[in-house]
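Protein chains in written order, with the numbering used here: chain A, 248 to 650; chain B, 248 to 650.
A couple of the hints might just be wrong.
Identical copies carry no separate label here, and so any pair may be met within one copy or between two of them.
With a cut-off of at most 30 angstroms between alpha-carbon atoms, the simulated BS3-like pairs for lysine-lysine come out as follows [unchecked claim]:
{"#": "1", "residue 1": "Lys571", "residue 2": "Lys549"}
{"#": "2", "residue 1": "Lys292", "residue 2": "Lys334"}
{"#": "3", "residue 1": "Lys467", "residue 2": "Lys571"}
{"#": "4", "residue 1": "Lys467", "residue 2": "Lys335"}
{"#": "5", "residue 1": "Lys334", "residue 2": "Lys468"}
{"#": "6", "residue 1": "Lys577", "residue 2": "Lys468"}
{"#": "7", "residue 1": "Lys518", "residue 2": "Lys335"}
{"#": "8", "residue 1": "Lys562", "residue 2": "Lys334"}
{"#": "9", "residue 1": "Lys292", "residue 2": "Lys265"}
{"#": "10", "residue 1": "Lys438", "residue 2": "Lys571"}
{"#": "11", "residue 1": "Lys562", "residue 2": "Lys279"}
{"#": "12", "residue 1": "Lys549", "residue 2": "Lys279"}
{"#": "13", "residue 1": "Lys644", "residue 2": "Lys549"}
{"#": "14", "residue 1": "Lys468", "residue 2": "Lys562"}
Simulated from the structure, these hints should not be mistaken for lab results.
All values derive from a computational prediction rather than experimental measurement.
Number of protein chains: 2
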Amino acid sequence: MGIIVQKFGGSSVANIEKLELVAEHIINEVKKENKVVVVVSAQGKTTDRLIAEEAEITNNPNLREHDVLVSTGEQITIAKLAMLLIKKNYKAVSLTSWQIPIITNSEFTNSRIRYINNETIEEYLNSGNIVIVAGFQGIDENGNITTFGRGGSDTTAVALAASLQAERCDIFTDVDGVFTSDPRIVQNVKKLETISYDEMLEMSSMGAKVLHNRCVEIGKKYNVPIYVKSTFEKDSIGTLVNNKNLEDLVINGVTKDDYISRITIVGLENKVGKTYQLFKLLSNNLINIDIIVQSFGEYITKDIAFTVKMNDLQKTLEVLEENKDILGAKEILHSENLSKVSIIGVGIANKPGVAADMFEALYENNINMHMVTTSEIKISVLVNSSEADLAVQAIHKKFFGEL
Amino acid sequence: MGIIVQKFGGSSVANIEKLELVAEHIINEVKKENKVVVVVSAQGKTTDRLIAEEAEITNNPNLREHDVLVSTGEQITIAKLAMLLIKKNYKAVSLTSWQIPIITNSEFTNSRIRYINNETIEEYLNSGNIVIVAGFQGIDENGNITTFGRGGSDTTAVALAASLQAERCDIFTDVDGVFTSDPRIVQNVKKLETISYDEMLEMSSMGAKVLHNRCVEIGKKYNVPIYVKSTFEKDSIGTLVNNKNLEDLVINGVTKDDYISRITIVGLENKVGKTYQLFKLLSNNLINIDIIVQSFGEYITKDIAFTVKMNDLQKTLEVLEENKDILGAKEILHSENLSKVSIIGVGIANKPGVAADMFEALYENNINMHMVTTSEIKISVLVNSSEADLAVQAIHKKFFGEL
């Protein structure tokens with residue numbers, strides 16, 4: 248009789264037919280004599296609708312009141328799901344985050360969980376109830392409602408699983424697990440049986456929007472086994488996210504990130520502090536940098552290249568031009584319409600052949616690489632966006648073959 | 248610098264244009280250096296929509312979960328109104344009932360307020376905030392959400408005014424006060440400047456749906472001056488509900504109540520306890536009785552007539568037939584399609600001429616009275632529903648003349 252946490256997102260609870268499917272998944276676990284805690288999001292487009300209504304009032308809402316507004320969506324879902332289960336003769340009870348409570352810091356719209364009081368949930372579980380919890384929200388020490396940002400229900404689910412020392416956390420979604428690439432780009436994607444937390448973090452910070460980073464970070468910290476499953480398939484096994492053995496080499500995925508620009512600063516003075524000065528300047532202007540490559544050029548100067556999102560490009564160029572003299576840069580170049588294509592897999596760093604295989608796939612298809620970076624578990628290359636899908640397909644084929 | 252409580256109902260907050268009007272009424276009081284507490288209902292048809300969605304799940308919802316569901320409507324309104332005021336550069340903060348808290352008993356869907364903690368509201372008021380409170384709801388001692396039943400926002404407003412010892416409570420509605428009759432029936436209705444709590448109770452338990460009884464009862468108990476005003480008229484004075492001097496004779500209103508049936512039990516044994524036995528029987532069957540008239544008939548029997556709502560008629564007749572022998576009744580008669588027409592006014596009891604004037608108005612219009620009852624402040628007659636509007640018009644003309 249372990250505790251299982253199940254999470255169902257907005258599209259999984261969008262209407263009464265889908266709530267019936269959700270109820271089936273819950274009842275399955277109850278029949279196995281598990282204690283079940285369910286976390287749900289707002290139904291379908293509810294949150295979007297509330298935000299649209301808010302926009303009629305102001306484009307710059309008070310953030311405390313914004314959180315009061317958008318947190319109502321999940322409250323509607325918990326009540327409906329509890330009613331449905333009770334109608335089916337199961338004991339169920341809904342809990343808002345203040346009824347538990349889930350205590351967060353006071354950063355409205357982007358709060359972080361400080362702690363969860365298990366007492367109320369455990370009492371209800373011990374008296375035979377299915378406990379239905381409103382995702383995405385908590386309260387701060389002063390009793391203000393806070394929310395975690397979009398997708399925050401995943402965070403609620405994994406944090407509850409950690410706090411309650413649940414056997415596992417099942418994240419139900421539209422797709423039946425984590426795949427080796429985006430099925431819209433690659434035909435023969437494969438479902439992963441397992442993936443490590445770190446790989447999942449790399450995957451989700453790239454194109455694959457399966458799990459939100461914060462929920463994976465919590466899962467990693469408290470070692471919560473997370474299953475990504477499909478709401479719409481019976482007996483879905485899905486993908487297990489856990490602490491995989493770092494010795495196993497597997498390439499787990501090929502991902503793509505579009506709308507990237509590269510900026511190259513040529514002839515930056517080769518003095519201590521110049522690189523710091525450059526990135527401090529960008530950070531002060533709230534410009535996010537992704538890849539950075541520094542190459543030594545002439546004797547007393549160096550070249551630095553880095554990437555920014557395309558919608559930050561104009562601002563970045565303006566900031567750099569204004570400060571060209573202070574930075575002591577000769578020239579500022581840029582190129583647009585680039586994509587970052589990456590392979591992700593634990594142990595990549597220990598197998599030099601992996602990078603060679605990846606580059607070979609690109610070479611065979613005449614795809615030019617504008618930049619390369621590597622990490623412990625990831626190799627990324629920058630290619631023209633027009634060739635990015637081909638690059639993903641070629642690399643996927645190299646590592647996973649034809650199905 | 249007194250405290251003013253303002254309440255705005257669902258139609259007053261239905262959309263952004265109406266919220267702007269509401270904001271004006273609030274800002275008016277702030278400019279007079281008053282501390283303002285605002286109670287709002289759910290917007291427009293929000294509660295109806297939630298109940299319709301609930302009906303897709305079940306026709307017999309768990310009441311705890313029903314209250315979790317329907318209480319979301321007011322939370323949406325408080326956030327929006329607070330945002331709007333903040334956008335206009337006023338300090339404002341929304342409070343749910345659990346943030347205050349407003350503590351109730353545990354009767355879901357029909358809870359009653361036990362006490363209100365003023366502390367949080369007073370802190371916010373003292374730091375210059377307009378406080379926006381979600382109407383219609385509270386929490387019980389175990390932290391469960393409870394609601395007060397439809398129209399419960401009036402109750403929230405008057406209870407807050409009582410607890411905070413506010414100068415007054417303004418109930419903003421569609422109409423500019425309390426009128427002498429229903430303007431859909433009578434042309435020359437007049438607005439009352441003042442009305443007593445008791446008269447208001449009689450008015451609202453009859454046709455006039457201006458204020459809910461429980462809010463008037465609380466107003467009476469704690470002597471809160473209640474103003475009924477129009478949201479849509481500037482500088483509306485409205486009607487003041489307070490403790491009027493009982494010596495002033497005024498007829499304050501003519502009301503009508505439709506769909507009434509009369510049941511007459513002929514030849515009930517004239518024994519002690521028989522009347523009690525009859526009404527206990529009806530009460531056990533959850534049948535609500537309104538008017539009762541007992542007339543002595545023959546020596547050892549009596550006749551009793553009483554009225555029930557028409558949709559209780561069938562059930563009442565069945566119960567009576569089953570127990571005819573136990574009650575010792577000879578015959579059970581009934582008539583349908585009756586209406587109760589009443590005049591209401593403090594001091595009616597001390598002026599016998601009032602009843603005579605009322606009966607004269609009916610006589611002049613050939614309207615037959617099937618039953619008459621009087622109380623300290625009310626005289627009611629039962630007439631055929633087909634003649635009820637004419638009765639109201641005739642009586643109104645008799646007391647208020649042509650305009």
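Consistency of the hints with the structure:
1. In this homomeric assembly, Lys571 and Lys549 come within 30 angstroms of each other (Cα to Cα) only inside a single copy, at 14 angstroms, whereas the closest approach across copies is 108 angstroms.
2. Taking the closest pair of Cα atoms, Lys292 and Lys334 come within 30 angstroms of each other both inside a single copy (26 angstroms) and across two copies (26 angstroms).
3. For a Cα distance limit of 30 angstroms, the shortest separation of Lys467 from Lys571 qualifies neither inside one copy, at 42 angstroms, nor across copies, at 75 angstroms.
4. In this assembly of identical chains, the alpha carbons of Lys467 and Lys335 never lie at most 30 angstroms apart, being 36 angstroms within a copy and 45 angstroms across copies at closest.
5. Taking the closest pair of Cα atoms, Lys334 and Lys468 never come within 30 angstroms of each other, the shortest separation being 38 angstroms inside a single copy and 41 angstroms across copies.
6. In this homomeric assembly, Lys577 and Lys468 never come within 30 angstroms of each other (Cα to Cα): the closest approach is 45 angstroms inside a single copy and 82 angstroms across copies.
7. Proximity of Lys518 and Lys335 under a CA criterion of 30 angstroms is satisfied in neither setting, with 72 angstroms inside one chain copy and 51 angstroms between copies.
8. Only between protomers do Lys562 and Lys334 lie at most 30 angstroms apart by alpha-carbon distance; the minimum there is 28 angstroms, versus 56 angstroms within a single protomer.
9. For the homomeric pair Lys292 and Lys265, the shortest alpha-carbon distances inside one copy (14 angstroms) and between copies (25 angstroms) are both at most 30 angstroms.
10. Taking the shortest Cα distances, Lys438 and Lys571 never come within 30 angstroms of each other, neither inside one copy (49 angstroms) nor across copies (76 angstroms).
11. Within a single copy, Lys562 and Lys279 get their C-alpha atoms no closer than 57 angstroms, and across copies no closer than 47 angstroms, so neither meets the 30 angstroms cut-off.
12. Within a single copy, Lys549 and Lys279 get their C-alpha atoms no closer than 64 angstroms, and across copies no closer than 67 angstroms, so neither meets the 30 angstroms cut-off.
13. Taking identical chains as interchangeable, the C-alpha atoms of Lys644 and Lys549 are never at most 30 angstroms apart, the minima being 38 angstroms within one chain and 99 angstroms between chains.
14. In this assembly of identical chains, Lys468 and Lys562 lie within 30 angstroms of each other by CA distance neither inside one copy nor across copies; the values are 36 angstroms within and 65 angstroms between.
Consistency note: the structure conflicts with the earlier hints numbered 3, 4, 5, 6, 7, 10, 11, 12, 13, 14.
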